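Novice: All chains, full assembly: derive it from the sequences and hints.
Residue-level listing of the chains:
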Amino acid sequence: MARGGEQVISMKQQYWVRFSRRQRIEHFLVMTLFLLLAITGFPQKFFDMAWSQWLIVNLGGIDRVRWLHRLSGVLFAIVAVSHLAVVLSLAASKRVTLNMIPTKKDFRDAIITLRYYLGLSEEQASFDRYEYRQKFEYWGLILGGLIMISTGFILYFPIFWTGFLPGEVIPAANVAHSSEGLLAFLIVIIWHIYNAHLNPDVFPFDTSIFTGKISEERMEKEHPLEYARLMAADMEPSGTNEEDSREGK
Amino acid sequence: MIMNRRYSLGTMLAFAGVAILWLALAYPSSAGETPSPDNDFCLGCHSNREAELVLPSGEKRSLFVDAETFARSVHGGKLRCTDCHSDISTYPHPPRSFKNLREFALAYHETCKSCHFDNYTKTLDSVHYALLAKGNLKAPLCVDCHGAHNISRPGVPKSRISATCSRCHQAIYDQYKQSVHGEALQGGNTDAPACVDCHRAHNIEDPRTASFRLSTPELCARCHTDEKLMKKYGLSTQVLQTYLKDFHGMTASAHRKEQGKTSVVTAVCTDCHGVHDILSVKDPRSSVMKANLQKVCAKCHAGATENFPAAWLSHYQPSPDKAPLVYYVRLFYQIFIPFVIAGLVLQILLHIWRVVVNR
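Read top to bottom, the protein sequences are chains W and D.
For the first sequence, our numbering assigns the number 302 to the last residue and increments by one with no breaks.
For the second sequence, our numbering assigns the number 432 to the last residue and increments by one with no breaks.
Calculated from the structure, these hints are not laboratory results.
Check each hint, because a few of them may be wrong.
Some but not every residue of chain W turned toward chain D, in silico, with C-beta under 10 Å [claimed, not checked]:
hint : residue
1    : Ile109
2    : Ala133
3    : Asn227
Quick caveat, the model's predicted, so the values are computed rather than measured.
Positions of the beta carbon are idealized from the N, C-alpha and C atoms, including for glycine.
Specialist: Here it is, written out as structure tokens:
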């Protein structure tokens, strides 16, 4: 069981374990399912396009594309629900703190960072375990995911839902599902790919979500508050802040 | 000598020219052994109302041809008897043996092709010809629809077309004549489709195949996307687009590309609106009338609830009046998506700019 805060000392460089095995598996599942959902979803959204038709034919026809999409969607829903369940139960038993919850500091950090980018100030925000951009993406995924899952199940079982909801909910869910899917996809290819690959700080590939490791150097630079706290906790192993450094979410 | 030679050369050339001309003119008449008799020659016998032939089957074939009927037909004054009855040019006629009337008709069924070759070849692709090829001798031949000596211009009046089909397809005709199309056609409205407008005249496709089913939207759209025509009746031309954009239309288009390699059935126009019994959407008996729609949906969607039909926007584009929920969800995302993406792109560009400045 890997825990944030465990220091791994190798010959070449010092690493911190940033992501637990559960988090890495979750990321891998979400990534795979997201790709599958996009590949089987966009040909349905942009049905008129030649590439959609090509993709549908090569995936074995519209019926199989839909089957794959629904299967991936159900698996995605399971991953999402189990993630929330695990995090909440771990938090309830005080084994993790809910360090993804946005705080006032995050809004301040965002303003400080934007001012810095604009050249209005030389002050840079110093971040804890998760900075405002990562929280934005996490909550985007959670809220967007919940919209995708709920509208997806409405479209999957229209007869059940129209038992107590007006029929218009079905085409509205269709518009929401297809638009939210497009938004999620654009955020991933623009924002996530930039932050995980093209960002000059991590180019070409931030591997920490796959290896679970982050270098001492990056830890100090990108998460100075967490780093300082962990270093302090190392001095006093019984420190009260230790929970924060454990499996975080 | 010199004079003679020149004279004889000119004579020879003239002879040769005459000889070639003579051969060219003489060839056609020399090919036919006897000249074709004119119609009066045939009518000498065939104007006898009593003349008939008893076939081995016991059926009687009248040999009477009404000269006046033929004269009024499209071929009157244009064709000679022997143009169609090309195997007969003499009297007594060469012996032919027909067991029954149908064999007699079949023996002549290819006679039309010598002039109407294009339509004849089309019939070879028809469901009627497929029946004939399988040995069903009742399958219709040219003369069964067009007549023989009394052929008149087809489709005059247009309602005659459907009446012709009804001779075999009576039950379907009975449905059709009460439909919105059938009623209009009988009322003399030539905008309304007769059988052949959907099924075609000569190359009639088997309408029971998956490929015919999946081509239905395209078929109906030929008229129902015609702006000028639909305006006359206050009908929307959005029907095809709205169908194709929705679940059923998308599925039908995809299945069509896959050439029906699926067991999944998706609704085409006729599944909701009806086929030969199609009614105006304003007709209270119409299957797509709101009161009847739940039953229609339930044909495929077992257990369709009362609210279920409203899941389909009835060919309407979402607007604040029709389907406001759909309209406002769409509007929200039309604003929200560019807003979020522009914000993120801006932050990325600012970050890159700062990195460049720092260097």
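Novice: Could you run down the list of hints and mark each one as holding or not?
Specialist: Hints and how they fare:
1. Ile109: It holds, given that the least Cβ distance between Ile109 (chain W) and chain D is near 6 Å, below 10 Å.
2. Ala133: violated (20 Å)
3. Asn227: holds (8 Å)
Violated hints amount to a single one, hint 2; each of the other numbered hints is respected by the structure.
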